[in-house]
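Throw the hints in and build the complete structure from the sequences for me.
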Amino acid sequence: MQRLITKQDLVNKLTELLKDFEVVGPKELSNKGIFYQVIEDAKELYLGQDFAIEPIKKFFLEPSSWILRHAKDDVSLESFPQSDKKRIVIGARPCEAKGLALLDKLFDSEYKDDFYINNRKRTIVVGLACAKPDMSCFCTSMQGSPAETSGMDALIFESGDGFIIELVTDKAKHILGSIGEDIKEDQKLNKDKMKALVKKVIKTPESLDKVFESDYWDEVSRPCISCGVCTFLCPTCHCFDLVDEEKKRMRCYDGCSFPDFTLEASGVNPRPTKKERYRQRVFHKFDYFKKNFGENLCVGCGRCIRHCPVKIDIADIVDKAPI
Amino acid sequence: MSEWEPKIVGFLCNWCSYAGADLAGTSRLEYPPNIRIIRLPCSGRVNPLFILKCLSNGADGVLISGCHIGDCHYSEGNFYARRRFAVLKKLLEYLGIDPRRFQMSWVSASEGDKWARLVTELVEEIKQAGPNKDFVRKND
Amino acid sequence: MKIGVFVCHCGTNIAGTVDVERVSQAASKFPKVKHSASYKYMCSNPGQNLVKDAIKKHKLDRIVIASCSPSLHEKTFRKCVEAAGINPYLIEMANIREHCSWVHKDREKATQKAIELTRLAVSKVSRNKPLEKTYTTIEKKVLIIGGGISGIQAAIDIAFANYPAVIVEREPSIGGRMARFDKTFPTLDCAACILTPKMVTVSQSEHVTMHTYSEIEEVSGFVGNFTVKIRKKARSVDINKCTGCGACYNKCPVKVPSEFDMGLGKRKAIYTPFPQAVPNVPVIDRENCLYFKTKKCGICKKICTVGAIDYDMKDEVIEEKFGAIIVATGFNQFDHSVYGEYGYGKHKDMITGLHFERMVNSSGPTGGKIIRPSDGKEVRDVVFIQCVGSRDEQKGLPYCSRLCCMYTAKHALLLREHNKDSQAYVFYIDIRAAGKNYEEFVKKVQDEYGAIYLRGRVSRIFEKGGKLIVRGADTLSGAQIEIKADLVVLATGLVAQKDAPSLAQMLHIPYDKNNLFTEAHPKLAPVETITSGIFLTGACQSPKDIPDTVATASAASVKALGLMVQDKLAREPLIASVNQDLCSGCLACLKACPFSAIEEDEIEDRKLRRKRTVAKVREAVCTGCGNCTAVCRMAAIDLEGFTNTQIMEEVETL
Amino acid sequence: MIDQIKTKAKELLKTKKVDIVIGYKKASDRIGAIPAFIDKEGDIDKLIWDGYCVYNLSNYLKDFPGKKIGIVTKGCDAKSMTVLLQENQLKREDIFIIGIECSGIVDEKRKGGDIAYDERCKGCKPATPPIYDVLIKEEEKKQAPRLEQDPYESVRKLETKSIEEKFKFWQDEFSRCIRCYACRQICPLCYCPRCVAEQTQPAWFSKAVSVEGNFSWNVNRAMHLAGRCIDCGECERACPVGIPLRDINKKIEKDVKELFSYEAGVDTEQKPLFSSFDKNDPEDFIK
Amino acid sequence: MKYAYFPGCSLHSTAKEYDLSTKEVARALGIELIEIPDWICCGATPAHITMHLLSLALPVKNLLKAKEMDSFEVVTCCAACFSRLKIANHFMQNDNKHRKNVEEIVGEPYKGEVKVRHFLDVLINVFGLKNLTERVTNKLSGLKVACYYGCLLTRPPEITQLDDLEEPHLMDDLMKVLDAEPVKWPYKTECCGASFSLTKTDIVLKLSGDILQMAHDEGAQAIVVACPLCQSNLDLRQAAIKKKYKKDFNIPILYFTQLVGLSLGIEPKKLGLDKHIVNPLPLLKERKVLVDK
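Residue numbers (the working numbering), protein chains in the order written: chain Z, 1 to 323; chain P, 1 to 140; chain U, 1 to 654; chain G, 1 to 287; chain V, 1 to 293.
Keep in mind the hints are simulated off the structure, nothing from the lab. One thing to keep in mind: the hints can contain errors.
Straight line, CA to CA, 25 Å or less: simulated DMTMM-like cross-link-like pairs of lysine to aspartate or glutamate [as the list claims (entries may be wrong)]:
| # | chain 1 | residue 1 | chain 2 | residue 2 |
| --- | --- | --- | --- | --- |
| 1 | G | 68 | U | 604 |
| 2 | G | 287 | P | 93 |
| 3 | U | 346 | V | 190 |
| 4 | G | 254 | P | 93 |
| 5 | U | 109 | P | 121 |
| 6 | G | 161 | P | 125 |
| 7 | V | 111 | G | 281 |
| 8 | U | 109 | P | 71 |
| 9 | G | 25 | Z | 44 |
| 10 | U | 591 | G | 269 |
| 11 | G | 168 | Z | 44 |
| 12 | P | 127 | G | 165 |
| 13 | P | 90 | G | 263 |
| 14 | U | 591 | G | 165 |
| 15 | U | 467 | V | 24 |
| 16 | G | 279 | P | 124 |
The model shown is predicted, which means the values in this text are computed figures rather than measured ones.
Structure, rendered in structure tokens:
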């Protein structure tokens, strides 16, 4: 269901929703870029085409969150209470939302992650279609597109001075169905045409098994500085670490790029060098996950390429893997 | 809850300042009970991270006290401490931590009166600075 | 973990202000605390027994004593728990007396604070580790650096106790400054007469080895185990062959100013510095020797009947091990050429006290005649100026050199004795004659020897009409004084040897801004240094006269002998240790250690599969100050007894 | 000039003087550069030199233990090698420094407009590396405009703000920190085998992405670089969320210069800032 | 070389010849001296014995005027002016309390940034003795002079930073370049008694007399000075000394600038050599060092 709305419609609706919902959306911080933040005034919202630095993932799988604590008796443990406030995320990009869909496969299937599921359940995701993919974007190679709706409840498109909103789920129709006006057939967007906006196209092999032992990984991982930019900014990376601090247990992001990743208490690390760790990253995304869940664990958002301090290009690396 | 009382941590060197605080006791010099003393061999032992830990753990003020220059039991420890904390002090202030919250003093083993006066003034200053609520670990 | 907490009433000292029972009750609820109790006097025998019994009964493994300052009773309770079978380093004390009950009046607040302090101690002790004392062996040999009266006395004392001593002296002979003196104050003993027997004793002792014309090259190791490299400079004369007959220097054709006589006399290019030199073996001054300069001459070699002359001799570096080191390097004279008012040291007839000693000495360069160096005429009016360099913060030294008052008085006396018609004028600031019979001596010089003492400074000295015009003030009469002097003698102050800092750095001992070596404690450890096993004697620590020098020499010897008689050396385990896996090898700790207690080590890094350099603590040297831990960015070095974990645990508990 | 680099690299590899040459090559986007690790003569033609060669390559020296390395080095990068040498992390004989008298690199983060020199290049003088084995001069390009004014202008501006304003400013900045540790990883001087941020016994500060955790991490990072940071600016460039880390580094740089006349990276024999002292260090802040 | 020139009151009155000769020499050597417009008292004796702050504020005011000229170096010839200006700079650089007070008085910030030089310093250390040697056309061979520096030129040394405190030698060096013969004598910095000039003339006669005697004894034919107070004392008092001590020295007291001027071939009159009490012209004629025009 698609409807035509004006900017004012959107602002009015959000202002109304702010009463009952926590609203999260992109904000522009001067000289710093775009960040998803909790919005207090609908006017703060940035609905331009620049990408947020961090993906929307951080509102579902927080960079760090308390999960357990000592109960009052100082002996037993209890879960940390979780917020049940209703939430609406607006402005997330199709790739990021697809990332959520991939995370759902992991955290809301055989294994149920209460914290993640709670965050998912209480949130409506309204996406923003991409009109200007940049040269790092390669979503179309990852079965996505600038107008993909998976993982979303609704998607809005820039259209002239206003927007077209596509309502995907009933949840969305219920809350947002009332704004704007019905769209005429000729105004409907050609989503396939939008795919062509993405210029970077790569091929991904069915399996990387054959190249596991290749020196290629050594070569491509050499520039890596082992920081956490790629994993922390990735809409699909979900490795976490558990830390006990002051009688509380916290989980926080971990990344396969860190030297301490999979370091065992004995002092042994099965992935001792950058080569093994970088290979793990590529294999997890383009081999293991695919074997388990049928899809690449990558949405082609290009963040890891865009923000890598040494310009490592994972897409290029997979593309050129010596299969 | 009764009136707020500041919590202050003092890192004292064993040979001068700790002994000076002992002398304040032996001389029965009264001062406010807000300071908790952590005894160390030397002011040179104090790692800047201790200070951060104190502040993020809810201390309203931190004091490092050592021997006067030239008196160090280890001859040079306080020289190193002086240099280290000159930098930290300026940095903390630059980052917006009230300079009253982190202080340093030389108190010798014979300066019981200075110790008592110092703590009294320190407590007064921290009271004026108010509770350390900006930087403290949130118990959410 | 079972922690026991014991709270002391200390009579009413604690209990008067702090509700001890409440502290004890509160402590019993702290995590890991299994037992708590209070008692009137915990340090008394019944109190200690209470602790011991509770340890056994409740199987306690860590103890907190909430009582007085650890400086009073930490040792007591360490012994107490050790007797009950607990490692003595598994206790902590909460100071609820000096830091609480005695300084607070409000009972409620004081009790609250006492509970908090006890909680801190409990949290710290929960992170304590059992520690063991360490032991090191001792090399039974003492190195004495410097062969002046100080070093000589120390060697005699060590040898007397049947321990070996090694003297290293850089001059060709031992004897030092004292060998240059004529008479000694206040008794007017002949310096040579009292020094020479001591020099002979040393040279004949089976326990003393002398390395003259030698210098310290490198010192490493620590108390009990110093390794020292000694450079024996090429003497060009075989010390074993030479008989000391003197034929070589009698025939040597080269004459140069004698250092021993302060340039007032001459010596040969092959020479012994003075007739009573020990060893009585000459040395060739290669800079002035014709053979070395031109490859001609060689007279000394021809004349030597025993073939002791060896032109090809080379410097030799030997390495020896020592258990203790006594530093007796003495002093230097202040260089008065900084003073413009005294003519920047350009006036010929202006000499220093040490020149005067040589001049007045009957075996000295002038045969005991006091003359003007410019024209050789005997002197009549002599002006002595005290405090040249001393007590002058502007251009000289901030300190008093202590002996100048006395030696100037002695000089004034000797002047009159040598020259009946002479007149001594002494400019002084204060007379500091604090010593046995010292004041009496000065008085005698004034009263019986007619020395005129003028209290004031000299403002200008210039030459006119062949005399030195000394202009100054007599502040007592308020008059301006102008004296036409034949000779001016400056009582120049005592300063550290020029190379004192480099020696101190080699030995890792501190020195002050005047380059004088610093004692461990100015009152209670005046001959020790903060580096254990290294002791100071004589004027290298501060200006000293002969009696003080000899006294400190004996004192330092006793300290060294105190080490010699030990079988092993016990060391407190509260020292630093390195977690070499975490260490990056940046060696910031090594550079920040005031005691050089950290050295480089090489380990095989299993992760990187290669050797790498890391830091390592020299346990016998570490004093446990912990400075290294704070400069270590990776927290790889920690201090036992005050570990990062212990301190962070305390902070967490706040 | 790139020919000179290539010639030198070729010679070094051919004569087995080095096992590997670290330089720059084109990134996949054909605009930017990416570190290049050349160990075969055949690959030498991949080497490039232009204003996009921003990385401080000395960060990679630790990756090749036991090997002889030739490294293309800008002035700022060479200073960090001075510190690494000073701190015993390198052996001078193991590296061959191909010094570049660089005229400035571009500001990659700058959005839109012309390509401009990076801010950090404006304070760089001289651009000649303090240590090198061979020096290659850049002639073709125009020099980055030298910052004639105070290099600490922005630091001073912040200094004059009130304590509350300062706190607010840094709280805002640090609140974006996601603890990805890119600042640490890109820093050539952060070489600790295990950073205190990762230690758990004791846990030095909170690993949580929180006010005090982020604050503590950033203070810690700054203190550990005091007297060591040579202002290569890589941390600020690497920070994905745009925290002005150089303003912290510069503050300490300024303070230690003023307080102790200490400057980092000028002398390999110099004692580290905190492993040395002067008897007359200021102590007016001590009671 | 371009400097702001601070003559001070003496050079505009009793020491006119010093002013004249300085300007002549400067002109001849191409050193541009621009007099500070509207200069005021340097803060010497009358001010500094009455009020310390005034003695700082006055010179600072002058230095600020120099700063307005965009000239960051001030040259003066008078030793007293030199001393006051230097002392003011010293305080403004090192003493926050005084700086604040003075800044309030003069109404402008000043941190001692204007450099102060004595003309002697400029001649020797900036123009350079080597360059000067090349310019000397009329050697003063055979003229024996005693260089007298007085008290203010070198003291206190940490402030003036000009010459050796006890054994100054700048003027001696300069005289050697002119081929004059500086005598060795011990009274280079002896007190001439100038402070008592008006109050206790007796002392002045004794002290100045001693200086003249010493110069005479050491064989000096003239005394060279760099301070107008020294000059006037030694020159003016010779008559009174003659009367009191029955000693007729008749030693001309000359400024170093005058002798430099002579050696550069400048006419005696232009150098003010006709303005002295003890007439130097007979001596200069006898020594054949006057330029014949």
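Quiz item: Is the hinted pair residue 109 of chain U and residue 121 of chain P satisfied, with a Cα-Cα distance of at most 25 Å?
Solution: At roughly 18 Å apart (the allowed maximum being 25 Å), residue 121 of chain P and residue 109 of chain U satisfy the hint.
Practice problem: Below or equal to 25 Å on CA atoms is what counts here, so check residue 25 of chain G against residue 44 of chain Z. | Solution: Not OK: residue 25 of chain G and residue 44 of chain Z at ~42 Å, beyond 25 Å, violated.
Exercise. Quickly compare the C-alpha distance for residue 68 of chain G and residue 604 of chain U to 25 Å and report which way the hint goes.
Key: holds, 20 Å
Quiz item: Going straight from one Cα to the other, do residue 591 of chain U and residue 165 of chain G come out at no more than 25 Å?
Solution: Answer violated: residue 591 of chain U to residue 165 of chain G is near 39 Å, above 25 Å.
Quiz prompt | Agreement of residue 254 of chain G and residue 93 of chain P with the hint, judged by alpha carbon distance not exceeding 25 Å | solution = Roughly 14 Å between the alpha carbons, so the hint for residue 254 of chain G and residue 93 of chain P holds.
Quiz item: Within 25 Å, alpha carbon to alpha carbon, are residue 287 of chain G and residue 93 of chain P?
Solution: holds, 17 Å
Self-check item: Agreement of residue 111 of chain V and residue 281 of chain G with the hint, judged by alpha carbon distance not exceeding 25 Å
Solution: holds, 24 Å
Exercise. For the pair we were handed, residue 467 of chain U and residue 24 of chain V, check the Cα-Cα distance against 25 Å.
Key: It is violated: about 44 Å lies between the C-alpha atoms, which goes past 25 Å.
Quiz item: Taken at face value, is the distance from the CA of residue 71 of chain P to the CA of residue 109 of chain U at most 25 Å?
Solution: violated, 34 Å
Quiz prompt | Distance restraint between residue 90 of chain P and residue 263 of chain G, which requires alpha-carbon spacing of 25 Å or less | solution = Since the Cα atoms of residue 90 of chain P and residue 263 of chain G sit roughly 17 Å apart, the hinted pair holds (cutoff 25 Å).
Exercise. For the pair supplied as a hint, residue 127 of chain P and residue 165 of chain G, confirm whether the alpha-carbon distance does not exceed 25 Å.
Key: holds, 21 Å
Quiz item: Hey, residue 591 of chain U versus residue 269 of chain G, does the alpha-carbon distance stay inside 25 Å?
Solution: holds, 11 Å
Violated hints, in rising order: 8, 9, 14, 15 and 16; the structure is consistent with all others.
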